[in-house]
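J.: Assemble the dimeric complex from its two separately framed chains, guided by the hints.
Taken in sequence, the protein lines are chains A and B. Residues in the first sequence are numbered from 1 upward in steps of one, following this note's numbering. Residues in the second sequence are numbered from 378 upward in steps of one, following this note's numbering.
Just so you know, these hints were derived from the structure itself, not from any lab. No experiment lies behind these values; they were computed from the predicted model shown. C-beta atoms are modelled at their ideal positions from N, C-alpha and C, and glycine is treated no differently. Hints are supplied without guarantee of correctness; some may be wrong.
Stated by the list, open to error - With beta-carbon atoms standing in for the labels, derived distance ranges:
id, chain 1, residue 1, chain 2, residue 2, range
1, A, 88, B, 527, 44 to 54 Å
2, A, 192, B, 387, 54 to 64 Å
3, B, 473, A, 146, 23 to 33 Å
4, A, 320, B, 596, 25 to 35 Å
Take a look at the letters that make up each chain.
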Amino acid sequence: MSQNEFAPWNDPAAKPLIQFKNVTKQFGDFTAVDDLSIDIYEKEFFALLGPSGCGKTTMMRMLAGFEKPTSGTILLDGKDISPIPPNKRSVNMMFQSYALFPHLTVYDNIAFGLKRSAMPRDEIDGRVKDMLRLVQIEKFANRKPEQISGGQRQRVALARALAKAPKLLLLDEPLSALDKKLRQDTQFELMDIQEKTGTTFVIVTHDQEEAMTVASRVAVMNFGKLVQVDTPTQIYEAPNSAYVADFIGDVNIIEGNATKDGDRVSIAWAEGQPDIIGTPSQPIGDGRVSFVIRPEKIAISSDKPADRRNAVQGKVLDIAYLGNMSTYHVEMPNGMVIKAQAANQRRRDSLPFTWEDPVWLSWSDTAGVVLEGSGQV
Amino acid sequence: MNWRRIALISVPFLWLLGLFLVPFFIVLKISLSDIALAIPPYTPTLELSEGWSGLRDLVAQLDFENFAFLADDDLYWKSYLSSVQIAFVSTFMCLLIGFPIAYGMANAPTEWQPTLMLLVILPFWTSFLIRVYSLIGLLSQEGMINQFLMWIGLINEPLMILNTNWAVYIGIVYTYCPFMILPIYATLIKLDGSLLEAAEDLGCSRTEAFWRITIPLSKAGIIAGCFLVFIPALGEFVIPSLLGGSGTLMIGKVLFEEFFANRDWPVASAVAVILLLILIIPIVMYQRNEQKMMEADT
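Next up, chain B with everything else stripped away, as it sits in the complex (with noise of 0.2 Å):
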């Protein structure tokens, strides 16, 4: 075996082991315990002292009972399934506002196409926090748009959006469009603007040309963009805990809840682990979809 190689490799592989999959171990470990009145407030603890026997005592101790709790109670099914279709509308609406911005973006004069691409990336030059709440400012009932809808006499009351899952959508998409624009447009700016006139000239018309040609070859943007978006709004805290109600069920506040108001530390593992295995199907499934066209195209 080639030295160098194995060192090169070593470097990221190091950096996920000692930046993943220990800590993951530890939450894993957490969610097994049992919770207790102590620093830190989870029992078994490792006696390191103890030695071989020391491990093997906390192994015994060991249980699947926080699961079994997480499966009892439907509050935790209810804010998983919940999260999982606030995070997948957002990432379609996404999607649906992201593609068409980035595909302008990427026929646009190229003189202006750094000017475009900044006002993109210029919300990120504000506080995320602040600019969260200063969508409370713009949808709550005496806000901006509520008030500006009144003036044009479209409606004669204020709407309830704000502690609505609507002032959650709209949170998730304003904040997570971006991440959807960039990898689109990235895809669509290398695309060689040749094969549409081929495309054409073979005897696509202009709509069919985007379908079969341009749809196809951004892809690969479009699923980057998708991840980016979907993984995140997931575990979304801050936007459903501003802008939601009490109606409005996501998984990010149940764990921020366990941890901080509740203090169960072996609860609020096992919830951010079943959270992690959510996350980790649709990765697989995409990984393995890439590997099988891959393996089809040698």
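Only chain A is shown next, with the shape it has when bound in the complex (with noise of 0.2 Å):
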């Protein structure tokens, strides 16, 4: 991914193609979406991510004019599209359910669109063919939707929702219903899709992974507020809450009390165990501090490691095994169980560790992530 060259949420003179202002929208005494302000950038690929009920679909349906907001604007290209109905806004939809039609061909279904537009009718011929290209099914064009398999009706979709060029593309969980290797595949080709046709995306997930793969930002969203706003290896390396660090992958958070030690804090978190050393991201004072480490930051061995001050040693009690890599559950002497990942460079029946073995679990300092507060999600 570009994001070195691509990044115009840095750029302050940079003109966002959509501005969420305070924006509220209630069902009846719901606040399903809460006070939220965002700038997403033309040509950018937005993830909206959160559990479900957290407000990123009505976001989604209040940008393609299916919900007013209750208060608040949102401008597309500097103008408030509120008074503008679905089918005069210049931002097209992929529903979760495709909601192809079912009494048209696919290639009636892709000229739907393009039909109430003004556009010409024999350029439209033209058109549909270029997004069946695109999409490479121009061999199911004289078919019905019926007649095709759920990958194909993806690519439909989202061939008739790009036919009309839109300023902006809305994808409403589009890839949920295709099993996990297509679904791995088709991420790539949206990708590359989005790169050319410089659509600007905006994607609805509740898969992190997903969002993460596509995604130029991610926001995470929780109770109708935006919780990190951020590029994908920001919120997974330095995620700002315990809630985003634990919504996306696999983590540890160990609460304790932090002292400063020059830039960096110790803390201590259980009796009888050397203090843990951390790094924070931004000056932090005294006090109730979280602790928030992946697994696969955390080294496994059977000996003391010499070289690293955070080093706790505990007993195996269960392991994961992923294939490429295993998870060990290690109980520290206080009860708590930390989770710790090792690639799995040898043959299984080499496996370094078993049940109940005594291991030593080592980061480094500046291996997990500081937060203020306790780590209650």
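T.: This is the structure in structure tokens:
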């Protein structure tokens, strides 16, 4: 990915394509989106990520025009879009169910939007054929949606949504109906198509892996609010809260009391155990903190490593064998379980550790993230 | 050949054979016979004791005299034509009334739908005859409708509704509307709401989305409803004889009179055979159309 070159959100001169300004949406007394402000830039692949009911779908439906904000404004290209009905917006949506018209052929499904537009009749055919080629379904142009597979339907839905060349394409859980292997292949194709067409994509998903793979930026949502908006790398490596850390990937959260120690902090987390040395990303005061560390950042060994200050001993409680790697659940003397991951470089019959083995876990001073406050999610 | 498959298929097949095809051939045979003062009131009858020669005698005596008679007397073809017209107009009116009702039901809040459904089927809890009789009470010149219209001053003297074709239309539409509503409702309730949103998203107005998505996707229900109304309405006897006047020509009435007033079974059977042919034509056309569409799909 080209995150190094493409980062309009860091450029103060860049003009956002979409602006949410203090948008609130209420259904009865339930607040789906709560005073939310965000800028999304042209050519971005923006992911809205969160558990069901977090308000991500409502945000998308407000962009499409199916819902109106209770308060606040949404600007597209600097213009307030609230009074514009869905059929007049330069925004198209790919529905979770695909919503292909069952009585029309693949060709007519893709041509549907074009026929409603001002495009001259003779240009429509060319455009539809371009779209069929883009998503590689030329062969199925004359079939009905029920006569093609789920993966092909997904492509038709994408082609139909892209046909009118919208300024903004919304994708509502676009890959949730596909099986895992196909989903992974399609993710890369989506990115490819996004780059080729230069359209701004906003994708809604609850699948963190999908969001991390495709998006230029990810917005993690919870209870109608944005928890963190950042690039996938930042979200993963520098989560701003225990919630984000826990939602994205696997994580250990260790609570303790921090004492400042130069630009480091030492965290007292259990009686009779050495303090954990961590590096906060910004200066923090003494007090209650959560130390957040990913399992793959923790090394596991049978002897105490000499070169690392952070080392604790425990015994192997459980091993989750994942093929390419194994996750070890290691029980500390105080009963806490820490997860550590190690790549399986050798064959299974020679796994280095087994149940009940005493092992050492160790990590570097900068491997974890120190967050203020308790780690209650 | 798979025996189990044959056994499975033979159940509906035997049902149709025994309860439709055999009776039809009996009616067809009677329609080719002559009237007689006997029991049964036609000749020839099959003498099973004479075996093959009996059957041959029987076939030799059959002729198309009754059909020729139907063609000669303009009462019959006028009745057919008027029946088709009344059934067609009633079906169309049922569609005009039934579709909005079905649409409203399908779009009503989910918790209301069982109640609305019950209201549509509720009339069936009363006998059909009683319902038609009560229409007489409503439509007659001293009836409630006329009295109400005169009371509010809209008319000065009672309207002649009963014993006209108007009463027949009202009766048929009232009786058969549920048969139009239910199949249309069944297709509309299955319609995925996101299809309409997708249509809007792609540039349709609400009205355009209705014509381009809702109507084509409820076509199966509309056609089923039209058949369910048209077929019984075409042969309807009770409604025209109770509500219609002497000027109301319907083939069901003619059929009844031939059978029970004239006791002319052969002519009555010929009338019934032609009625069946009239009904079969649209059904075959519809099925062939469906088949063509399916073939075009694959």
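J.: Hint by hint, note whether the structure agrees.
T.: A quick look at each hint next to the structure:
1. At roughly 53 Å, the beta-carbon separation of residue 88 of chain A and residue 527 of chain B lies within the given 44 to 54 Å, and the hint holds.
2. Distance hint check: the CB atoms of residue 192 of chain A and residue 387 of chain B are about 57 Å apart, consistent with the given range 54 to 64 Å.
3. Separation of residue 473 of chain B from residue 146 of chain A is about 31 Å and conforms to the stated range, judged on CB atoms against 23 to 33 Å.
4. For residue 320 of chain A and residue 596 of chain B, the hinted distance range of 25 to 35 Å is not satisfied, since their beta carbons lie about 54 Å from each other.
Comparing the model with each earlier hint shows a violation of hint 4 alone; every other hint is respected.
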